[in-house]
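Chemist: For the protein sequence lines, the chains are W and X, in the order given. Mapped onto full-length UniProt numbering, the consecutive letters of the first sequence carry residue numbers 1 to 307. Mapped onto full-length UniProt numbering, the consecutive letters of the second sequence carry residue numbers 1 to 494.
Treat the hints as calculated values from the structure; they're not laboratory data. A hint or two may mislead.
Just the calculated beta-carbon pair ranges, DEER-fashion [claimed, not checked]: (1) 129/X with 222/W: 43 to 53 Å; (2) 124/X with 128/W: 38 to 48 Å; (3) 26/X with 252/W: 38 to 48 Å.
Just so you know, even glycine gets a beta-carbon here, dropped at the ideal spot from N, CA and C.
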Amino acid sequence: MDTSIISNEPEDPIGAQLDEEIASLQSQINSLKSNLKLQTSTILSSQATRNTLRRLQKPTQEPRPQSAIPSTIPTDTSPLNSTTTAQTLHNTTNLYRACNSLTTFRIHDPDPHAVDNGSILALRLDISTSSKFIAPYYIVLNKPFPSSPLLRVHRHTLPPYIPLAHLAERYLPHGKGAVAMGSRAPGQKRQDLNKFARALRREVVAYHNRVAVIKGLRREFRLDKKGRGKGKERERVIEDVSAADAEARQVRIEWVDGRIGRAVVGDGGEVIKCVVMGEGGRDWESERAIMGGRMEGVGERLREGIY
Amino acid sequence: MSGLSIPTIFALASTQLLPSSHPTVHKTFARLSRPSLLSLVLDWLDERNQELTAPYLIPDDDEEFDAQDLYPPAASLDSLRETYSELQAGKGSKRDVVDRVIEGDWRHGITLYQLAMADMQYLYDHPASQKWTALKLARLSREEESPDPAPKSIPRFHPATFLRNLQNEVLPDVKAHYNLDRHASLPLLILRVFIIESPYNTSLALAQKHTTFDTSKTFYIAFPDDSPFVYVSLTTSLASSGSSNPRSENKSVRALVLEGIPKAFSRPRERYKLQPTNMSARNLAALIDRRGGGKTNAAGGGWSIYTEEKKDGSDNPLNTQLPTPEPSLPDDMDQLNQNLPRGMKRRAHEDNNIVKRRKLLAQGRFGNTAKADDGKGIERFDIRLADAFPSFNFANTEDEYPLPDERPVKRKGRRSSITMVLDDGAGEEEDAGEFRPDIRITFQGSHVFAGVRELVEAGVVDGMRMPGWMTGEEGVSCGVVREGRIRGERGSGL
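The following block holds chain X by itself, in its conformation from the complex (with noise of 0.2 Å):
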């Protein structure tokens, strides 16, 4: 350690060490399960991240050998890998793997990208505990400049360049760590920031007690490959709380950081801005369906039977055999009433006809996607109504129009099992003799499209008269509809 802090405008370094009797250690790796622990301890005996993980050995001098000692180092990376793994294998506390690691084969320090990979392993454990917004790179032109003739449409990430150039755009007042990783499913690289108030980067401005690292002093940033959008997993609008807030100097800090992505993007005569695309959830293979590097972006719902791959080669104009027709229903009518929700009172006679409508109904409007088990749900769907009320009403079709095979009680009932909630906004005004309420509705769910699909094919929402908006083929997570369509910036298709 040195004795000397000097400010410095650099990041800190991935080897320096955090005391590992510091609150923030012990949260971190208790937050984490037994058996991800133990197989990032593991990684940490890695021959290859010794540089930055190395445990504490027996010391080649022997005279602080303590025989008290609860654990006692280990002689060899080699031994140490075997314990951990007997630990593996075997069954205990997770409270002992973690005081074995802090107090005994790290009791000199954690360094931070122990930290960080711990930090990581609870991300990729627990997916939706992190809330990401998509932002979109956009090319920051003049007015008056001609519009180039073929533009880069795709501004180019280069880890260690953007890096230098972000940690340019903080504070040199604030010290970050930085730790990139490969999500180890999704085409993503995730930027986890870690925010360290103090303009040293020496183990003794680490050390000191009261720079406590709250889980708001951390934050990632997540860059989907190929793509034009950025991932962030803080909130792109500060909400007004107060000054007195003890937190919104953090949330400074993130502003500070948030607006420096797109200076770390740009490059002399090519700059770039953050644009908000009104897409934010907690799933991140959601997102990168929708706003990835993929064919999915602007083809959701029943548009996506054009980005899908014909596996029997259908589309390839050399095949000349006719294309069968679409399998008319993906599962056995036997497993339909396995597939509704549960405690829904189907009539006993009800037409299997009816039922099998209903299917390829919902298989035209949302083709493949919105299914309960792809994975790729958004958790709340926000959804603000600005038109007319005498010309549309589609919030209230079921109501309006009784469905041939639903009896009005039912559907009572139904409305209330889903979670979807109708906020009527109290500001009701008149605009040009036209009365147009002020309809806020939001749809919350593990997975809201699939839940509306699941509606149409039991008969609840009617697939026919069900606005598009609602197939989830805009792509967005809140919006504004008017006419029956979401109003985008830009239009929907770009």
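Here chain W stands alone, though its shape is the one from the complex (with noise of 0.2 Å):
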């Protein structure tokens, strides 16, 4: 037993350092690699690229004396050019999805027994907030009715506080005298995608406006930042901001003293109602403060009132 002890001992620190010693090659290689994409990415998209290949591609329809090797060229140039269409559609599909934030495309249903033999377009959202594209959300659409090309929602991956199902109630109705999108027929329920794609990327972008606008209230008065009492020229006034719904219509807002105010934000950003309580009745000064104008500004004008 002790032998075993004292023979493990010296080889330990040995193994901890080969550990740690491949533990950084990995990360070397890994860093290496996504280096490599990158760089293979940017030289791909590049004019100067393209134009290269392009050059290099002639020689092999008639090939000159002066190469040295004329049939290692293809099969050099083949994959590259594969990977330069690919690069190069794939550009202009993020182009399309950083600009429009709305883009479609067909698949296929896997289910055997999918209507419209498994044929679906679905909507993809690109939404950015925050300076930042979130993970887009999708809508998937079928034609489940034989009789007619009315469509209707088939799967989402929209959370429940977008209100989808009244969305596709109001443009897309598949009821009784609903119409389909191109039908000359007439009929009051007419079937408008554009309008449903319009309507669903406004919430999904109001939505994201509005968490984005208590994120900013809560960093204008320091409400996340750990070390707050750092003896800074002004002191706390607001205790916490919050959303006090799913859908972040209503904003909560605690200031130290105890007030707590609730104020409701419009489609547009605007703040429409606005109640502060303190503890000798309703404060209106903040009241009036808060409600004078869009939600981005809540924190501006209250400041203007404490300082």
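Got two chains here, separate frames each, mind docking them using the hints?
Modeler: Here it is, written out as structure tokens:
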């Protein structure tokens, strides 16, 4: 027993050292790999590369005498060409996704019993919030009705606080009297995918903007910072700012002195209603400050009143 | 203890004491494991909980001190905390701890709050002890009313208001104790409702021996965050087993509380009703996944790949790097054979490519869901096939179309090894010349869809021909299949 412990002792530091080395090498490999990928895509995307490739392609058709080994050129360039094509395509797709934020694609439902032979139209929403793109939302539509080309929402990845059912009912009705988008038939309830997508995008963006505004207010009043009491020139006035409901339409503001406010934010980001209650009843001044404009400016307007 | 008992409409207070000798107290504590009980006791001894869970300490007037006392009262909270910490560190029987709590340090009684805490602890320790049914809170609107331009999709849940309203809905001759608790790991708020059939909310009413608190008088309502659903731990359909059932009155109380839930959510000009969602499971994580506040509600099975956030940022439109192709297989071929169910005799020369193909197929159909270790399994899945006989027969696909790599003899053995119960209903009927047999299928197991996935990967179920509802993408635990698809009331997407 003793010998094993003793013999283990000197091995440990070496083993630890080796492990450390391995780990550092691994991370190095990973960073190099990602670097390589980044460089590859950058080089492939550049116009100069594409020109070069085009030039390289030519000798394959009419091999020139000065090229040393003409037979190797096609094997070299063909994967390069395909990668370039894929990269160009990817860049274009990304451009649409980034600028348009609403893109569509077709997929196939793997379910063998899927309606309409599994043909499916998917909408993809790329929303950016706080100067970052978040994971996209998808809405998958199919045509479940054999006799008419009416669309219906099949699957989606929208959280429940986006009123998708309501929007679908309004813009993509499929009940009695519903008329498909392209058809000439008269009907009160006409499906309109464009309006649906726009309204949906509006809802999603509005939600994320509301959340971002609340985050911004928290940052403004330094509520998320750990070391608050640094002896800054301003003392804390606002205790907490948070969303009071799932849709972030209602904002709850708490003051340090115990006042509690509730503001209702409209679709466009403006403050619709506001109540601030203190110990001595309503605080009309703060209410006026909050009510006087858009939600983004609440912090500034409150500050004006305070300092 | 007050001498007078006056009927009241208020709920039972959390500070209400239950005599320690009450059988319910002992039963509740004895259910818990020793470590859980000890951590619970230490919670009770916390400074912040003293209002509700104060122990019995040495009284100021030392007259009552009894040398014969088996568990002499402690002098201070700290010393008591030490005692229980020592118990926690050491070994011993659970009985000793229970006795110590009941006869020693809480001899003056157990508050309802403590009882609720113990019950909640049991629920956390045994997550599968309750069967939860998901219900949807839907806006109730009159027909003639034009729909609101922007209706709120989720009713706002304010615990205090909700409890007050719920209490108003419950009959005045029934008292209930409500305890709200935040689930430790899931985004859930769990309300424990504990019903006592007495119009009084005094200790006297509680102390009566004949007021038995069986488990049927306790039930739970879970409120997932940011979600229009509630989960209730009681059956929504009241079994009509006859009025002679002594528990029928409890059921009526439960039904009453159930009816009270949407009313408690409602406000003037904003009324709600509860809708069934065909989803019930013992696993709360599975319910959160399918009826929660996230993105996964309407994107189950293979669609779940759209809900996943890509770690490498390939979803980001500003990322110029070409997305790397999906990893073909999550695990090595060596691990493959270990993952297969036990007792599976595979042909030695089975081509690895076929196995690989099946794995890929399963990946395509199930995405990254239905993994045996994801902890989101439902334990029962009921299906009724309402299809005409000749057109669709997918329940028997494996019998009709022999797979290239499975012999029929082996398939038979497989069928019996999984707990797939095929209930052939008796009510066969001819409908417009079509033969529509009443076929009910019940899948049972610890994680039904993981089992189906394993079968696909093992080649027992053909992944190509398998209907979509077998992947769990519909997000229901019972349903009627017509034309190969689950028929919902409102369609599958919404």
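Chemist: Give a verdict on every hint.
Modeler: Now the hints, each set against the structure:
In this structure, residue 129/X and residue 222/W meet the distance hint of 43 to 53 Å, their C-beta atoms being roughly 45 Å apart. Separated by about 39 Å at the C-beta atoms, residue 124/X and residue 128/W satisfy the suggested range of 38 to 48 Å. A C-beta distance of roughly 44 Å is found between residue 26/X and residue 252/W, which places it inside the suggested range of 38 to 48 Å.
When the structure is compared with the earlier hints, no violation turns up for any of them.
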